[in-house]
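Visitor: Sequence:
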Amino acid sequence: MTAALIVISGADHWTLKDGTRHPTGYWAEELVVPHRTFRAAGIDITLATPGGVAPTVDRASLTPDANGGEDGADAMVAYLATIQGELSHPERLEDVDPDAYDLVFYPGGHGPMEDLAVHEASGRLVTRVLDSGAPLGVLCHAPAALLAARRPDGSWPFAGYRLTSFTDAEEAKVGLAEKAPWLLQDRLVKEGARFVGAPPFIPHTVVDRNLYTGQNPASSAELAQELLQAVRVHR
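Here the sequence shown is numbered in our numbering, starting from 139 and rising by one per residue.
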């Protein structure tokens with residue numbers, strides 16, 4: 139059976155530059171849409187977080203405004219309820235063998251900027267998946283996890299890759315750009331990524347070799363389908 143690993147941030151906040159905490163977690167759409175897509179395709183899914191902590195959902199991602207109305211919000215909550223057992227007891231990221239999976243996916247939310255961006259085990263994992271040729275998907279803020287990756291010589295494995303993420307313009311529109319200690323787009327470019335952004339909040343994905351990136355929550359469905367097709371080809 140095809141197996142997918144979904145690595146979720148364990149953070150429940152992002153520390154802003156004045157030291158205050160911005161409540162956060164994973165963005166529901168970015169987990170639910172790919173999870174539902176993979177499960178419908180018969181893929182066996184494992185969830186993992188740093189330390190095996192139960193991840194926190196960003197409450198803003200469950201509001202009607204974030205889901206096109208009450209029905210959409212109710213559907214999001216209902217789907218999360220069907221996987222609550224997995225979310226309550228995820229695997230420890232530090233213990234995961236990336237070679238056991240045909241596909242690795244990281245959903246976003248501001249959480250990855252707090253923990254996965256500096257998580258050495260996650261950095262080793264994404265490097266291993268990149269080198270294996272298996273599809274590696276990172277969505278919205280999840281490319282922060284790529285920042286923790288390093289070669290033995292200290293170089294960044296993703297230098298020169300075309301990719302996207304939540305952009306500086308999008309951070310400005312949600313009111314966090316001026317408050318942020320750092321911006322993801324800036325950090326990725328500084329490390330050597332070939333950043334490809336699109337206008338704020340429209341679906342946008344970028345594929346470079348086996349790296350699959352999505353710019354924002356609106357990109358969830360498109361990225362999930364691209365990853366599903368990629369894993370079929372890779373197998």
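Derived from the structure by calculation, the hints contain no laboratory data. You may find that some hints are simply not true.
Below, in silico cross-link-like pairs of lysine to any residue (SDA-like), each with a Cα-Cα straight-line distance of 25 Å or less [claimed, not checked]:
1) Lys328 x Ala359
2) Lys311 x Asp182
3) Lys155 x His342
4) Lys311 x His342
5) Lys155 x Ala141
6) Lys317 x Gly210
7) Lys311 x Gly189
8) Lys311 x Gly210
9) Lys311 x Ala204
10) Lys311 x Asp233
11) Lys311 x Thr153
Computed from a predicted structure; not experimentally measured.
Visitor: Hints first: check each against the structure and report whether it holds.
Guide: We went through each hint and held it up to the structure:
no.	hint	result
1	Lys328 x Ala359	29 Å, violated
2	Lys311 x Asp182	37 Å, violated
3	Lys155 x His342	29 Å, violated
4	Lys311 x His342	17 Å, holds
5	Lys155 x Ala141	39 Å, violated
6	Lys317 x Gly210	30 Å, violated
7	Lys311 x Gly189	33 Å, violated
8	Lys311 x Gly210	23 Å, holds
9	Lys311 x Ala204	15 Å, holds
10	Lys311 x Asp233	38 Å, violated
11	Lys311 x Thr153	19 Å, holds
Checked against the numbered hints given earlier, the structure breaks hints 1, 2, 3, 5, 6, 7, 10 and satisfies all the rest.
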